[in-house]
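For chain A, the structure is supplied; the task is to place chain B on it using the hints.
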Amino acid sequence: AQSVTQLDSQVPVFEEAPVELRCNYSSSVSVYLFWYVQYPNQGLQLLLKYLSGSTLVKGINGFEAEFNKSQTSFHLRKPSVHISDTAEYFCAVSSSAGGTSYGKLTFGQGTILTVHP
Amino acid sequence: DAGITQSPRYKITETGRQVTLMCHQTWSHSYMFWYRQDLGHGLRLIYYSAAADITDKGEVPDGYVVSRSKTENFPLTLESATRSQTSVYFCASCQSPATGELFFGEGSRLTVL
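Chains A and B are the protein sequences, given in the same order.
Using this note's numbering, read the first sequence as starting at 1 and increasing by one per residue.
Using this note's numbering, read the second sequence as starting at 1 and increasing by one per residue.
Hints may contain errors.
[To be verified] Quick list of in silico lysine-lysine cross-link-like pairs, BS3-like style, CA-CA up to 25 Å:
no.: 1; chain 1: A; residue 1: Lys104; chain 2: A; residue 2: Lys69
no.: 2; chain 1: A; residue 1: Lys104; chain 2: A; residue 2: Lys58
no.: 3; chain 1: A; residue 1: Lys49; chain 2: A; residue 2: Lys69
no.: 4; chain 1: A; residue 1: Lys104; chain 2: A; residue 2: Lys49
no.: 5; chain 1: A; residue 1: Lys104; chain 2: B; residue 2: Lys70
no.: 6; chain 1: A; residue 1: Lys104; chain 2: B; residue 2: Lys57
[To be verified] Ranges between beta-carbon positions, derived for each pair:
no.: 7; chain 1: A; residue 1: His116; chain 2: B; residue 2: Leu39; range: 18 to 26 Å
no.: 8; chain 1: A; residue 1: Ala1; chain 2: B; residue 2: Ala98; range: 16 to 24 Å
no.: 9; chain 1: B; residue 1: Glu14; chain 2: A; residue 2: Gly62; range: 40 to 48 Å
no.: 10; chain 1: A; residue 1: Gln71; chain 2: B; residue 2: Arg83; range: 36 to 44 Å
no.: 11; chain 1: B; residue 1: Ile12; chain 2: A; residue 2: Ile83; range: 31 to 39 Å
no.: 12; chain 1: B; residue 1: Thr111; chain 2: A; residue 2: Ser54; range: 41 to 49 Å
no.: 13; chain 1: B; residue 1: Gly63; chain 2: A; residue 2: Ser54; range: 39 to 47 Å
[Unchecked claim] Not everything, but these chain A residues come out facing chain B in the computed CB check (under 10 Å):
no.: 14; residue: Tyr32
no.: 15; residue: Gln42
no.: 16; residue: Gln45
no.: 17; residue: Lys49
no.: 18; residue: Ser96
no.: 19; residue: Gly108
Treat the hints as calculated values from the structure; they're not laboratory data.
Every value quoted in this text rests on a predicted model; they were computed, and no experiment measured them.
Every residue, glycine too, gets a C-beta built ideally from N, C-alpha and C.
For reference, chain A alone in the conformation it holds in the complex (with noise of 0.2 Å):
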């Protein structure tokens, strides 16, 4: 089974300012991660993902996440914020081996990002 918490469901910053929104994960298999975002009225669009490789992985909008296997974390970081990232983001899991979780995502409760000016 496998599980994502997200530590943070509310995080207001400042225009220009930078913001991390933090992502933990558990899995009893190797994973792939991924982070979502969603505008409001909106489904949810891909903001990044890790497969392999580098642990630190870019993503459309500035934003970027890096990978840590020893604390099973996949922290989403941008280091200016603007009005318009204001959003609910979401970190997702799915297991990259066989089994019955290959290909679900699962889901972390979402973290709403509040931009101010």
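Just chain B now, kept in the frame of chain A:
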């Protein structure tokens, strides 16, 4: 236009009624998924389908039925709606689940009175 579309976008129904949410994708993706989104729970998988005529339960399948007679369609039916099924429902599709890039519809907001 290519993409994934859900209908209806908004639906109000009463307890005990049958409701079907439609999902249609134009990419010929093999995999399709139904999630529900509730405050504090994120997204939870209801059912998924790896191909036409192949479906399987997700995390919260009770009270839901799916079918996939054609690759492009994946309807979700609530056979007898309950208040606890008030939620926003998202359909998603992908060609290869291993890469994790699901493409989501805009959601169907269902209210059960």
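- Which hints, by number, does the structure contradict? The structure breaks none of the hints.
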